[in-house]
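Going by my numbering, 47 is the number at position 47 of the sequence shown; the sequence numbering is gapless.
Everything labelled a hint here was simulated from the structure, so no lab data went into it.
One or more hints might be untrue.
Said to hold, decoys possible - Simulated crosslink set (SDA-like; lysine to any residue; CA at most 20 Å straight-line): (1) K11 to P21; (2) K11 to Q47; (3) K70 to S55; (4) K89 to E32.
Computed from a predicted structure; not experimentally measured.
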Amino acid sequence: MAQYAILIYTKAHVDEAEVVPGAREAHDRHFEETVRSGALVAAFALQPAADTATSIRGDVVTDGPFVDAKEVIAGFAIIEAPDLDAALKIARANPATQQGGGVEVRPVEGAFIADRPATA
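Using the sequences and the hints given, assemble the complete structure.
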């Protein structure tokens, strides 16, 4: 089965008044549904880019995201799906698509996950 990366985008700057009520709960439900379906391989939520990103280009290190944009990557997931159409169906169900953000779906060309010992 093929793997696809789903990049989850949100607005770069969101005021408290713009936060969609129930947004977090909708994302939690989508996460649980994707886990139950067996499609989810990995998922990562990122801290807000404006507050925590550091970018490097050549020898230059700057605070902030690599690209100044209206949207930033809020997180990403790796899923398994039989084909692109199935991956798009899973991605389309992501609440970000209905909350002012969006998703980008890209085939994964290769992957590596470090084998780390469990911590107690």
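The hints, checked one at a time:
Simply put, K11 and P21 have alpha-carbon atoms about 16 Å apart, close enough for the 20 Å limit, and the pair holds. The suggested pairing of K11 with Q47 holds, with an alpha-carbon distance near 13 Å, which does not exceed 20 Å. Only pairs whose Cα atoms come within 20 Å are accepted, and K70 paired with S55 is accepted, the gap being roughly 17 Å. Distance restraint check for K89 and E32: the Cα-Cα separation of roughly 16 Å lies within the 20 Å cut-off, and the hinted pair is therefore satisfied.
When held up to the earlier numbered hints, the structure conflicts with none and fits them all.
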